[in-house]
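Q: Following the hints, put chain B in place on chain A, whose structure we already have.
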Amino acid sequence: MPMSFLTQEWAADVRRSINAGPDAGLRARKADNYWDWVDRVRTRYRWSWALGGQPTAEGPQFYLLLCWSGGSCSSATVVGADEAERADFLLTASHQVWRALFDGLDPGRAVMDRAIRLRRGSVLEFFRGLYLFTETIASICRVPTVFPDVHTPNSTLGAAGSTGSGGFVESGGLR
Amino acid sequence: MPEPNSSAFSFVGDSDLTRLAEADIDDVLSYLHGGLKKLPDYGSLYRRYLRQRWDVYDVDFTVDAAHWQERLTETERSAFLAVASGLHHGEQQVEEALPVFMLGATEEENVFIASQIEDEARHTVFFDRFYREVVGVRGDTIKDVLNASYPHLSETFVGPFGLLACQAEELRMNPHDQAARVRYGTTYFMWIEGVLALSVMKVTLTFCRTRGVLPGYYAGFTATCRDEARHVQGGMRFLSDAVRANPAMLAEIHRTLRTILWLAAAASRPTSYEPLGWTREGVQTLMLTQLRRKLGDVGISLPLELSLLAEQVQPEIAGG
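Taken in order, these protein sequences are the chains called A and B. Reading the first sequence from the start, the letters are residues 1 to 175 in our numbering. Reading the second sequence from the start, the letters are residues 1 to 320 in our numbering.
Chain A extracted, bound-state conformation (with noise of 0.2 Å):
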């Protein structure tokens, strides 16, 4: 059953998701040697992220919190700002752009594009683990998500806004 975008029942699922990685048909897409660096990058991280976002368009922010170690995604839990604050990494994006992000918006381009920014830790020691962190966000966007489902007559998203599915509006969980 799908979770309720940045909720604690919802960060369960997501990592389950993260550990689980994608199965060998999304595996077979990209090269060993990709596959390869990221692993070898998970196996070895220890830093936490606090990914920030908002649930409904106007609605206050959350953070999912995500610590690493083990060569795993340790806890996945939403917390508010002041825990987040205590992240190796703080990320911000939009509600749009998450829902964008659930629609299919690739998390490498986000980041260039500075949809997805950091706002926080060191840029160098980020990046190191960068496509650890774009993975990741893909393994958070193929869990069953639902969204309060807000009208926003100026989104770029209004087709996801629009189906009027008894209040809410499911995405991902199809990569």
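Quick caveat, the hints were computed from the structure, so don't treat them as lab data. Check each hint, because a few of them may be wrong.
To give a feel for the contact side, a few chain A residues facing chain B, derived at Cβ under 10 Å [as the list claims (entries may be wrong)]: (1) Met1; (2) Met3; (3) Ala31; (4) Asp36; (5) Met112.
Below 20 Å or equal to it, Euclidean Cα-Cα: the simulated EDC-like pairs (lysine to aspartate or glutamate) are [as the list claims (entries may be wrong)]: (6) B:Lys38 to B:Asp27; (7) B:Lys143 to A:Asp88; (8) B:Lys37 to B:Asp27; (9) B:Lys143 to A:Asp113; (10) B:Lys37 to B:Asp297; (11) B:Lys143 to B:Glu96.
We put the beta carbon where it would ideally sit given N, CA and C, even for glycine.
A: Frame of chain A; chain B shown alone:
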């Protein structure tokens, strides 16, 4: 690579767009490295910009469009796009990232940086025209055309360009942070322009010259390469001056290269260079040569640890 004589230097330096179509890319690269040994000041580079500036709408792509359909094979077209799309997006990315570098610069530097921003905008238009008029991409805006060529890029393209975007953001917050400026300059001027762009220029221009195809692309992109010579010379002057003023900045260059080279060891999809007349090993050697020449010409050392890391660079990342 042999050093050209002074007449070759003046031919590259003084030719207009039409005559530049006869230049060899090796002469343009030698022209660039010859300048690195002397490291011209920003005023000289700006005067050279005024003399060398070319009109992107003077490039005639009529013959290129015919060659694209009739002379290039499907395999060659595919390989060419896989490489050229990195430049298409790269020019737009650096155009967007450069203005912030002016905030902490001297007025002399800013006059030159302003000219460089105009160059990068012109290069963006050059690729926009190439994709529309030769490749046949349609779109109402420059962004539309960029979106259409994005699928040709690999996922690892974001490595250096995402890094530059974040470093630009870091500079925006602290424009006078000299260490941040040096890290930014290492990514932009040394790696993206000095290694990636020049390597891909050599690959695509050699292909065009050898096969006798795409004359509009050849002329415009050779002129682009000459523009890059100014950018790399200005950028390496900045790094060289920064290290001379504060030797601790050398560690910032090395830290940045450590991240760049670490990222460059991953390539998410293979690029077929063979249809363009190159091997993977040849492109990797070309990239490492570009890196070592830039560093060597301005007296910046590369520690053994980074030299070993450089050996792991994947040639695919040159083309995006």
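Q: Does each hint hold? Answer for all of them.
A: Taking the hints in turn, this is what the structure says about them:
1. With a cut of 10 Å, the hint placing A:Met1 at the interface with chain B is violated, because the nearest CB-to-CB distance is about 31 Å.
2. At its closest, the beta carbon of A:Met3 sits 27 Å from a beta carbon of chain B; the interface hint therefore is violated under the 10 Å criterion.
3. For A:Ala31, the interface hint holds, since its Cβ comes within 10 Å of a Cβ in chain B; the closest pair sits about 6 Å apart.
4. Evaluation of the A:Asp36 hint against chain B yields a held restraint, the C-beta minimum of about 8 Å falling below 10 Å.
5. Interface restraint check: A:Met112 against chain B, minimum CB-CB distance 4 Å, threshold 10 Å, status holds.
6. For the hint pairing B:Lys38 with B:Asp27, the CA-to-CA distance comes to about 17 Å; that is within 20 Å, so the pair holds.
7. With a C-alpha separation of about 34 Å, the suggested pairing of B:Lys143 with A:Asp88 is violated against the 20 Å cut-off.
8. Under the criterion of a C-alpha separation no larger than 20 Å, the hint pairing B:Lys37 with B:Asp27 is consistent with the structure, at around 16 Å.
9. Between B:Lys143 and A:Asp113 the CA atoms are separated by roughly 12 Å; this keeps the pair inside 20 Å, and the hint holds.
10. Of the pairs offered as hints, the one joining B:Lys37 and B:Asp297 holds, with about 6 Å between alpha carbons and a cut-off of 20 Å not exceeded.
11. For the hint pairing B:Lys143 with B:Glu96, the CA-to-CA distance comes to about 13 Å; that is within 20 Å, so the pair holds.
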